[in-house]
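In order, the protein sequences belong to chains L and U. Quick note: the first sequence uses the working numbering, first residue 1, plus one each step. Quick note: the second sequence uses the working numbering, first residue 1, plus one each step.
It is worth saying that the hints were derived from the structure and are not from the lab. Among the hints, erroneous ones may be present.
Said to hold, decoys possible - Stretch by stretch, here's where chain L covers chain U in the computed footprint (C-beta under 8 angstroms, at least three residues):
id, segment
1, 10-23
2, 29-42
3, 74-85
4, 93-101
Unchecked claim - Some residues of chain L that are not near chain U, with every Cβ distance over 12 angstroms (derived):
id, residue
5, N46
6, P89
7, H98
Even for Gly, the Cβ is constructed at its ideal location relative to N, Cα and C.
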Amino acid sequence: MTTALLLFHGLLSAALIGAITHQMLGAWWPARAASGAFFSRFRAVNVASYTNAIIVMFVIDAFVGGVLLYPIYRIGARLVIENMRLRAPVGLFDLKEHFLTIALGLLPAYWYFWRRPLVAEHATVRKLLTAIIAFAVWFGFLVGHFTNNIRGLW
Amino acid sequence: MVMNLSRALPVFSAAFVVLYLAATHFNLALFTYHPAQGELEFLTRPPKGGAPAMYWYGWIATAAVGACVVAAISLAVPDRLAARVWPGWTPIIAVVVMLAFVYLLRGWFLPSIGLILK
Chain L
1 MTTALLLFHG LLSAALIGAI THQMLGAWWP ARAASGAFFS RFRAVNVASY TNAIIVMFVI
61 DAFVGGVLLY PIYRIGARLV IENMRLRAPV GLFDLKEHFL TIALGLLPAY WYFWRRPLVA
121 EHATVRKLLT AIIAFAVWFG FLVGHFTNNI RGLW
Chain U
1 MVMNLSRALP VFSAAFVVLY LAATHFNLAL FTYHPAQGEL EFLTRPPKGG APAMYWYGWI
61 ATAAVGACVV AAISLAVPDR LAARVWPGWT PIIAVVVMLA FVYLLRGWFL PSIGLILK
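So here's chain L without its partners, still in its complex pose (with noise of 0.2 angstroms):
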């Protein structure tokens, strides 16, 4: 089971990467006029409609990393790896746990600044704020597959 709920973690980040990726890069770095390059393309969607999608996904992927899998780790792996005197993958780890928490509370505002219709002065913190969560959820993930790699839940 725990494998399982591991896997579908794993799964559901990396959708949740591509979305918040592709958005992020979207508000950012907008296609100005519409071409037949992939680039082009990637760019150009209407990024807004990403939002309520990415904020499902990210509160089942807490809910299922923070919730089911976290307290697992807590009394296994981190134990093992704490007795590894590995420091530096523990103290990312805690860093995951705290930047995904901010990304978290951030979702409110989030939400808020990509309603529709977009404000056109909240550009620069609709994009800051998608940048913030996009590094949150990019730096879990990597994060979480190191740890996974070090010592596995099992």
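For this one, chain L is given, so just place chain U on it according to the hints.
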């Protein structure tokens, strides 16, 4: 009415990240979870039976309750005054809090960095 209430959301987010930092640093957990025993206890409690206690859920709860209070108070501010506050403070506060966490957790990384630089 809904639009008026929603203007408290950025305030909630900014307050949440600051209160989360405070709750973590001062260990102000609204409840403690003992994963080995599967027990919840009100407020911050020491670990039980040699197994670690988890305060993270309690810190989130503390920050969420505090942020709700701050957001509710912010609704009392007239729209005219609230519109003067730059909305960019929310992401800036979040970045500052993230950097504060890096600083607070530096003890986990400095020995490794020292080894790399040696």
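Right, here's what the structure says about each hint:
1. 10-23: Result for this restraint: holds, n = 7.
2. 29-42: holds (count 3)
3. 74-85: That given contact is violated, which follows from only 0 residues of the segment 74-85 of chain U lying within Cβ reach (below 8 angstroms) of chain L.
4. 93-101: With 5 residues in contact (Cβ-Cβ under 8 angstroms with chain L), the coverage given for the segment 93-101 of chain U holds.
5. N46: With a cut-off of 12 angstroms, L:N46 remains clear of chain U, as the shortest Cβ separation is near 22 angstroms.
6. P89: violated, 9 angstroms
7. H98: violated, 5 angstroms
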